[in-house]
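Q: Letter by letter, the chains look like this.
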Amino acid sequence: MLLDTRHSLETPEGASLPLTPAGFGVRCLAQLIDLFIRIVVYMIAAIPLGFIDSSGGLILILVFLLEWFYPVFFEVTRHGRTPGKKSMNIHVINDDATPVTFAPSLIRNLLRAVDILPVFYVTGIIASLCNRQFKRLGDLAAGTMVVYDIPAIRDPSFEAKGQLPVPSDFSTDEQRALLAFAERSKFYPASVKVN
Amino acid sequence: MNLDQITIEIRPRSAWEAVDLGVLMARRWWSPMMKIWFIVSLPFFLLSLLFPQEKLVWAAVFIWWFKPLYERPLLYFLSHAVFNEMPDLRSTLKNCISLFFKQFFLSLTWRRFSFSRSMDLPVLQLEGLTGGRRQERLMVLHREDSAPSGWLHILGFLLEIFVAMGVMSVAWVLVPNEINIDWANVFWDRNSNLADYLLHLTAYVAMWLMAPFYVACGFSLYLNRRIKLEAWDLDIAFRRIVSKRQLSQLLSIFFVVFCFGCVDSQSPVYAQDEPVYQTAAEESAVDSEILGEPTHLHRESSKKSIEDLMQQDEFSHKETVKRLRLKDQDEDESTFIRWLIEWLDRSDVESLGLGSMFELLLWVAFFVLVIIFVYRYRHWLSAQFVRVGSAPPAKEKPVTLFGMDVRRESLPDDVNAAAKALLQAGDHRAALALLYRASLAHLIYSGIEIEDGFTELECLKIMKFDLPKLARTKEDAEYAESRIEYFSLLTSVWRRLAYGHLLPDERELLQLCSSWNQCWLKEMGAKA
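Chains as they are written, first to last, in my numbering: chain X, 1 to 195; chain D, 1001 to 1528.
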């Protein structure tokens, strides 16, 4: 079997949905962006709170809410995309490719506490290296996975002009290959040597 | 390079997806890569142990510094494994020495700090480019989709540190409390032997664990760039198109040969001198021979085989459904009632289980609820389901017609006498008006729908039409007849007098006046 990052999930209707799980690298960056956003929020919130006497409790409540529910909130309301994930073009879905709902999102984010052990998500990263869908423990428990966004299909644009019509017995994949060649041929030198 | 033998799916990927493919590659060839890295780096580790103990930090740096060298055999292995020619350990190690000395000096000095080392290594090692050409090639490769190589470097470095810390903390967690170890001394006391060597070892293990992923991800990024630059996916697709067409040509040749063979074998039939004519009987015999018996056999055997087939798990779908249903549904009404009477007769209701008591209570509650519901919403229900045509509003009987009071109460008791008195007083007009008014009042009273605004002729027409309908008996019909006659005469006389100012004949008038009572006062049958 060929090694591939893409899986196809077959629906009961017989259609196959291509899903591309995202690995730890891109997810680490997304997590760093989210962390950065949270830090900025803390800093902004700390300025007015600093004028209130004994505002430590308020800050702790803010930290509690943001650390635990920031990802849940965005995943549920923004189709599985926290700002960090969105900027890295990934999102969370259920295992059956439906948008992630509240309960799975809550589970996977509560189990961050386990994945983050002992430091820097080492447990989560090792777990994600042990399965093909790159699931950390939270994903395994909640039945979710993180996949790449499917880029929008562009209209075909090419200058190549063929002399003959495409033979009628070309299958869809073969026609797609021709189309891709026509689109990409302008990036290739006149003669590509593939050895 | 043989693209037909490749063991990864070739398609243009996004940069990060390529990194993920690298992870998958490292996962697949995990154990050989671990072995190779261990064997190659072990001499360096042993060498590092020769460092004096207080300089053991430098020993770790020493191992770290030579990392590019251990990565080369890994890349050698991967680059072959991807094309399905897995080299064995021996041949890999044999190649090690020559691999080590490729641009040895540059790689270990200022290129050592390059963040894109993992992605650049294949250019040096597989393409064998040096100097300016290598620079150009790298520029082309880094034009797109190479950002992850730097991140990979940083993340890999962080992970090495954190994995080392993880290993230590796992050790710390797993050692039971009873063994009293002064951890602060173990790790941070400069005089302790154990701590330094433990740190050194964990750092080495961390590097070891991360190396296959780092190399594989870098190689995958490099491959992805080449797939895009050289259109490997299109290459493979076009090759497939060509080979399929060739195969189909081959098949068509086979087909032609096969057909010719058939024709050859059949040709003697045409060459026979005498054509064979079959009689109808013979034909039918042949038919039955061909069609009859085999189908008989087929039906039996096929039915059986179908049944066998349907018994298999793939076709037989069994599921257990639990559903509430009334007991003994097929019992008819009378037995149900008998059962109910029997049940009610039984004095020992207490012997019933609590469950059935509750069931009974629930049913009672249900029916009470239904009754309450029906009663509460009876208006709504009747409005929804029972469409009773509401009685048409009773038409008001007109009070005045042609400016005359046509209420029955306004009439004198004896119309004949009153009319005659008026006539004798010389007021013909008033006498006729009285007669006409009295007639109309009677018509309206007997149910003829004369409306306000009708003309005299319309009144006549409608009474002519409706009055016979009201008759129940033969007698009534005669009354109706006489009234119609009277009213038509009266109407014509009245119209002539009222509008034409033509005085009617004295005798005619007298007759009208005297016959009114006789004609109108008789009640018509049941119609009161």
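No lab work stands behind these hints: they were computed from the structure.
For glycine and all other residues, C-beta sits at the position ideal for the given N, C-alpha and C.
Hints should not be assumed to be uniformly reliable.
Label pairs and their calculated CB-CB ranges [said to hold, decoys possible]: (1) K1327(D) / A97(X): 55 to 61 Å; (2) L1174(D) / R176(X): 26 to 32 Å; (3) L32(X) / R1323(D): 53 to 59 Å; (4) L1362(D) / S16(X): 49 to 55 Å; (5) W1339(D) / A97(X): 51 to 57 Å; (6) D1004(D) / R176(X): 18 to 24 Å; (7) I1097(D) / W68(X): 53 to 59 Å.
Derived pair list, reagent style SDA-like, types lysine to any residue, alpha-carbon separation capped at 25 Å [what the hints assert, rightly or not]: (8) K1035(D) / I126(X); (9) K86(X) / R1011(D); (10) K1035(D) / T123(X).
Q: Look at each hint and say if it fits the structure.
A: Hint check:
The hint said 55 to 61 Å for the Cβ distance between K1327(D) and A97(X), and at roughly 46 Å that hint is violated. L1174(D) and R176(X) have their C-beta atoms about 54 Å apart, which leaves the hinted 26 to 32 Å range violated. Our hint of 53 to 59 Å for L32(X) and R1323(D) holds, since their Cβ atoms are close to 55 Å apart. One distance hint, 49 to 55 Å for the beta-carbon pair L1362(D) and S16(X), holds here, with the actual separation near 50 Å.
Checked against the hint of 51 to 57 Å, the pair W1339(D) and A97(X) passes, with Cβ atoms roughly 56 Å apart. At about 20 Å, the CB distance of D1004(D) to R176(X) agrees with the hint of 18 to 24 Å. Distance hint check: the CB atoms of I1097(D) and W68(X) are about 55 Å apart, consistent with the given range 53 to 59 Å. Between K1035(D) and I126(X), the direct Cα distance comes to roughly 19 Å. Compliance with the 25 Å bound is thereby established for this hinted pair.
Proximity of K86(X) to R1011(D) is assessed by CA-CA distance (about 24 Å); at most 25 Å being required, the pair is judged to hold. For the proposed pair K1035(D) and T123(X), the alpha carbon gap of about 23 Å is at most 25 Å, so the pair holds.
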